[in-house]
Amino acid sequence: MTREEIISTVNNFLIEEIEIEETKIKDEALLKEDLGIDSLDFVDIVVIVEQHFGFKIKPEEMSNVKTLSQFYDYIQKKIQ
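This note's numbering puts the first residue of the sequence shown at 338, with every later residue one more than the last.
Hints are computed from structural coordinates only; laboratory data are not their basis. Do not take every clue at face value.
Unchecked claim - Cβ pair distances, simulated, as ranges:
| # | residue 1 | residue 2 | range |
| --- | --- | --- | --- |
| 1 | 339 | 376 | 29 to 37 Å |
| 2 | 348 | 370 | 16 to 24 Å |
| 3 | 360 | 417 | 26 to 34 Å |
| 4 | 381 | 403 | 12 to 20 Å |
| 5 | 339 | 377 | 29 to 37 Å |
| 6 | 397 | 359 | 18 to 26 Å |
| 7 | 360 | 393 | 26 to 34 Å |
| 8 | 358 | 417 | 16 to 24 Å |
| 9 | 375 | 348 | 25 to 33 Å |
As the list claims (entries may be wrong) - Derived SDA-like pairs: lysine to any residue, alpha-carbon spacing no greater than 20 Å straight-line:
| # | residue 1 | residue 2 |
| --- | --- | --- |
| 10 | 395 | 379 |
| 11 | 369 | 359 |
| 12 | 415 | 398 |
| 13 | 393 | 376 |
| 14 | 414 | 396 |
| 15 | 403 | 364 |
| 16 | 395 | 363 |
| 17 | 369 | 402 |
Quick reminder that beta carbons are idealized off the backbone N, C-alpha and C, glycines included.
Kindly generate the complete structure, drawing on both the sequences and the hints.
Here is the structure:
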């Protein structure tokens, strides 16, 4: 899966499932502050990532993931 496919998949589920405004989705967007992702949204994201990408997110691995770009990087690293 290419980075572009990862970005497209992530952006689509953020818009469709988490109901984030498309205009807010930018590489440098902060997950909590800019996108408003809270702990309940994160639970949904964990399930969605597992369905789409086939791995479980470990909370300790996400501690340094602050931006959307870092989230794409995290997924890309996990599926390679």
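Hints and how they fare:
| no. | hint | verdict |
| --- | --- | --- |
| 1 | 339 / 376: 29 to 37 Å | holds (31 Å) |
| 2 | 348 / 370: 16 to 24 Å | holds (18 Å) |
| 3 | 360 / 417: 26 to 34 Å | holds (30 Å) |
| 4 | 381 / 403: 12 to 20 Å | holds (19 Å) |
| 5 | 339 / 377: 29 to 37 Å | holds (30 Å) |
| 6 | 397 / 359: 18 to 26 Å | violated (31 Å) |
| 7 | 360 / 393: 26 to 34 Å | holds (30 Å) |
| 8 | 358 / 417: 16 to 24 Å | violated (30 Å) |
| 9 | 375 / 348: 25 to 33 Å | violated (19 Å) |
| 10 | 395 / 379 | holds (11 Å) |
| 11 | 369 / 359 | holds (16 Å) |
| 12 | 415 / 398 | holds (11 Å) |
| 13 | 393 / 376 | holds (16 Å) |
| 14 | 414 / 396 | holds (16 Å) |
| 15 | 403 / 364 | holds (11 Å) |
| 16 | 395 / 363 | violated (24 Å) |
| 17 | 369 / 402 | holds (10 Å) |
The structure shown violates the earlier hints numbered 6, 8, 9 and 16.
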